[in-house]
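Chain by chain, the residues run as shown.
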Amino acid sequence: MSVEAIHGEHPHSDDPHQTFAHHFMERKQQDESYLVGMWAFLVTEIMFFGALFIAYMVYRSIWPGEFAEFSRAHLSTFLGFVNTLILLSSSLTMAFCVRNAQLKKYDRMVLCMILTFLCGCGFLGVKTIEYTRKYNDNLIPGPLFHYTAGEGAEPAAEAKATPAKPESAVAETKAEAKHEGRIFQMPEYKGQMDKKERHAEIFFSLYFIMTGVHGIHVVIGMIVMAIILLMYWLGSPLVKDFMPVEMFGLYWHFVDIVWIFLYPALYLINPDLKLFHF
Amino acid sequence: MSEHTEQVENDALGEYHETHEHHEHHVAPAWQFWGTYCFLLVMLFATVGAAFFDVHKYIPIPGMNIIVMLFIAILKATAVVLIFMEVRKGTRLVWLWAGAGFFWFLMMLGILFDYFTRTGVSVVKYPL
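So the protein lines, in turn, are chains R and L. Throughout, the numbering used here is defined as the position within the first sequence, counted from one, plus 16. Throughout, the numbering used here is defined as the position within the second sequence, counted from one, plus 11.
Some clues are possibly wrong.
In silico lysine-lysine, BS3-like type, Cα no more than 27 angstroms apart, as pairs [stated by the list, open to error]:
no.: 1; chain 1: R; residue 1: Lys256; chain 2: R; residue 2: Lys44
no.: 2; chain 1: R; residue 1: Lys212; chain 2: R; residue 2: Lys143
no.: 3; chain 1: R; residue 1: Lys256; chain 2: L; residue 2: Lys100
no.: 4; chain 1: R; residue 1: Lys44; chain 2: R; residue 2: Lys120
no.: 5; chain 1: R; residue 1: Lys211; chain 2: R; residue 2: Lys150
no.: 6; chain 1: R; residue 1: Lys44; chain 2: L; residue 2: Lys100
no.: 7; chain 1: R; residue 1: Lys256; chain 2: R; residue 2: Lys121
no.: 8; chain 1: R; residue 1: Lys120; chain 2: L; residue 2: Lys100
no.: 9; chain 1: R; residue 1: Lys44; chain 2: R; residue 2: Lys121
no.: 10; chain 1: L; residue 1: Lys100; chain 2: R; residue 2: Lys121
no.: 11; chain 1: R; residue 1: Lys211; chain 2: R; residue 2: Lys120
no.: 12; chain 1: R; residue 1: Lys150; chain 2: R; residue 2: Lys212
Far from chain L, by Cβ distances over 10 angstroms, these chain R residues were calculated [unchecked claim]:
no.: 13; residue: His39
no.: 14; residue: Phe69
no.: 15; residue: Leu95
no.: 16; residue: Leu127
no.: 17; residue: Leu134
no.: 18; residue: Cys137
no.: 19; residue: Met247
no.: 20; residue: Pro260
Covered by chain R, per the in silico footprint, the following chain L stretches (three or more residues, Cβ under 8 angstroms) [to be verified]:
no.: 21; region: 43-51
no.: 22; region: 55-65
no.: 23; region: 71-85
no.: 24; region: 94-108
no.: 25; region: 114-122
Don't read these hints as lab results, they were simulated from the structure. We treat Cβ as the ideally placed atom computed from N, Cα and C, and that holds for glycine.
Input sequences plus hints: build the corresponding full structure.
Here you go:
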């Protein structure tokens, strides 16, 4: 569909900042509708990430000390800091990108968007380093998960060579579970894990789902940025309107906000935390 | 302020000219973004500092460190929402939608803390 088909009969149709669709009374109303639509989407995102944060709070409240230990042993405060710095900077470049789009300074807009894109690349690069370390330390939740305390973890070969618990011990664990009235039995391979290792698996499950879903949002943001840039270079007049860029900016800033909460929640756990220890 | 005066001011500011001329979409001055960025950086260092500094020693409230860090995170998020996301100059409808999401999250937290503060009620039915 061409721009003319959308904005055809209105005055100033040569100026993308002034055109509006036929079902709007004025440009201002159209802008507000765009923004409200985007915010409605962001509300669903808050619900989505909010549920993950609540799940995290529940488990952290049960094992505050252990979560602190897992975080200290395997999450790098420095890498988290670098990623926070990168995302905050990308928010700045995104804010300037929107500003330049509003001011019709398209060259600067493109420059700011490229910088934001590069920040996204940097963020994912650091995340790749982190995930690779977790993989090498056997901290990916699942059958191969193996937690070792202290700085770093044993190599994979040693981890696999860890002797399994004897059958009697497994039976004992099951009996203990029955006695405690648990309604949930772990799969058989979990029988070899001690309680701490199970707690570690839950911590890293939460870590991977929260940072992973956040990472997917960063990737989606980068794809949208690439599309906007491509449309700009192809000369599409749709991108000359500042609203698509402004709405994308809202999304990118939201992704930044999620990380602002993820960083202290996952990477900066104080060992003396007793807030939820009832 | 008369229309004439407004036009002169807009010309003096250069880049404001175009936006004010056609419709009421305001463009935030650049210093606001730089100021917000500096604020966010300072707050980032404050968060990291709070993690390595035992606040609990000086303010004897359990879990004081996480309270401080969450407070800083809320400040940072508020700065991003108000300045970078431009909600500050948004219409009432935008404020309503922006507030709705956070209000929902507060409700969830309220329900969670209700569970936490009731004795004998476990949030997780099967302690692993």
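Hint check:
no.: 1; hint: R:Lys256 <-> R:Lys44; verdict: holds, 17 angstroms
no.: 2; hint: R:Lys212 <-> R:Lys143; verdict: holds, 26 angstroms
no.: 3; hint: R:Lys256 <-> L:Lys100; verdict: holds, 22 angstroms
no.: 4; hint: R:Lys44 <-> R:Lys120; verdict: holds, 17 angstroms
no.: 5; hint: R:Lys211 <-> R:Lys150; verdict: holds, 20 angstroms
no.: 6; hint: R:Lys44 <-> L:Lys100; verdict: holds, 13 angstroms
no.: 7; hint: R:Lys256 <-> R:Lys121; verdict: holds, 10 angstroms
no.: 8; hint: R:Lys120 <-> L:Lys100; verdict: holds, 20 angstroms
no.: 9; hint: R:Lys44 <-> R:Lys121; verdict: holds, 21 angstroms
no.: 10; hint: L:Lys100 <-> R:Lys121; verdict: holds, 22 angstroms
no.: 11; hint: R:Lys211 <-> R:Lys120; verdict: violated, 59 angstroms
no.: 12; hint: R:Lys150 <-> R:Lys212; verdict: holds, 17 angstroms
no.: 13; hint: His39; verdict: holds, 17 angstroms
no.: 14; hint: Phe69; verdict: violated, 8 angstroms
no.: 15; hint: Leu95; verdict: holds, 12 angstroms
no.: 16; hint: Leu127; verdict: holds, 14 angstroms
no.: 17; hint: Leu134; verdict: holds, 17 angstroms
no.: 18; hint: Cys137; verdict: holds, 20 angstroms
no.: 19; hint: Met247; verdict: holds, 22 angstroms
no.: 20; hint: Pro260; verdict: holds, 14 angstroms
no.: 21; hint: 43-51; verdict: holds (count 5)
no.: 22; hint: 55-65; verdict: holds (count 6)
no.: 23; hint: 71-85; verdict: holds (count 9)
no.: 24; hint: 94-108; verdict: holds (count 9)
no.: 25; hint: 114-122; verdict: holds (count 4)
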